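Make a model of the complete structure from these sequences and hints.
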Amino acid sequence: DAKTTQPNSMESNEEEPVHLPCNHSTISGTDYIHWYRQLPSQGPEYVIHGLTSNVNNRMASLAIAEDRKSSTLILHRATLRDAAVYYCILNTGKLIFGQGTTLQVKP
Amino acid sequence: KAGVTQTPRYLIKTRGQQVTLSCSPISGHRSVSWYQQTPGQGLQFLFEYFSETQRNKGNFPGRFSGRQFSNSRSEMNVSTLELGDSALYLCASSEGLAGSSFGPGTRLTVL
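Going down the list, the sequences are from chains A and B. Sequential numbering from 29 applies to the first sequence in the numbering used here. Sequential numbering from -1 applies to the second sequence in the numbering used here.
Honestly, the hints are just simulated from the structure, not real lab data. In this text, all values refer to a predicted model and were calculated from it rather than measured experimentally. Beta carbons are placed, not taken as given, at the ideal position from N, Cα and C, and that holds for glycine. Each statement offered as a hint is correct.
Distance windows between CB atoms, simulated:
| hint | chain 1 | residue 1 | chain 2 | residue 2 | range |
| --- | --- | --- | --- | --- | --- |
| 1 | B | 39 | A | 39 | 22 to 30 Å |
| 2 | B | 8 | A | 67 | 15 to 23 Å |
| 3 | B | 10 | A | 43 | 37 to 45 Å |
Right, here's the structure in full:
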């Protein structure tokens, strides 16, 4: 199964941008890069996904490296409600979750 | 649209029993996936169904099984329950290349 590597934890200050990195060096040409987040005591929540081009939606932006071996999820202005575990996943027909990055947001 | 619903939300069983969990996907979503979440192992993929056929399968023993009905609703069954099966079981639905929507989960406790 295709794997991703993320830092275990990151901290951010409220109202500042956050860049969450992900490495996926074994990605194949048809694998979509998906990001989910899981708030405490809730199921995972879809954030964004992309294939080759950078993507934007109301929640975040996804920057994908030209060789597709890495990507970065960008939260433009972190809020306390963004504190969660963020998962970077290669969608190969099934979602294989790693340990994710626990994001702490400080007021 | 209503979100993904799962029933029951909480369940307590004893070792050796079997259990059936139910998932109703978002209307129009044909793909339903199941995941097990435990503190030690994190989120693990169980299986995915699409149009009543199992399309992908994770690395779980045969005690874990599932099925999907013609209306896309899905059930998963765990037979001969073990203490280690205590977990949050999550169902997710999707359509096409869009992201998956997850339900709130069923918390299973095996005593």
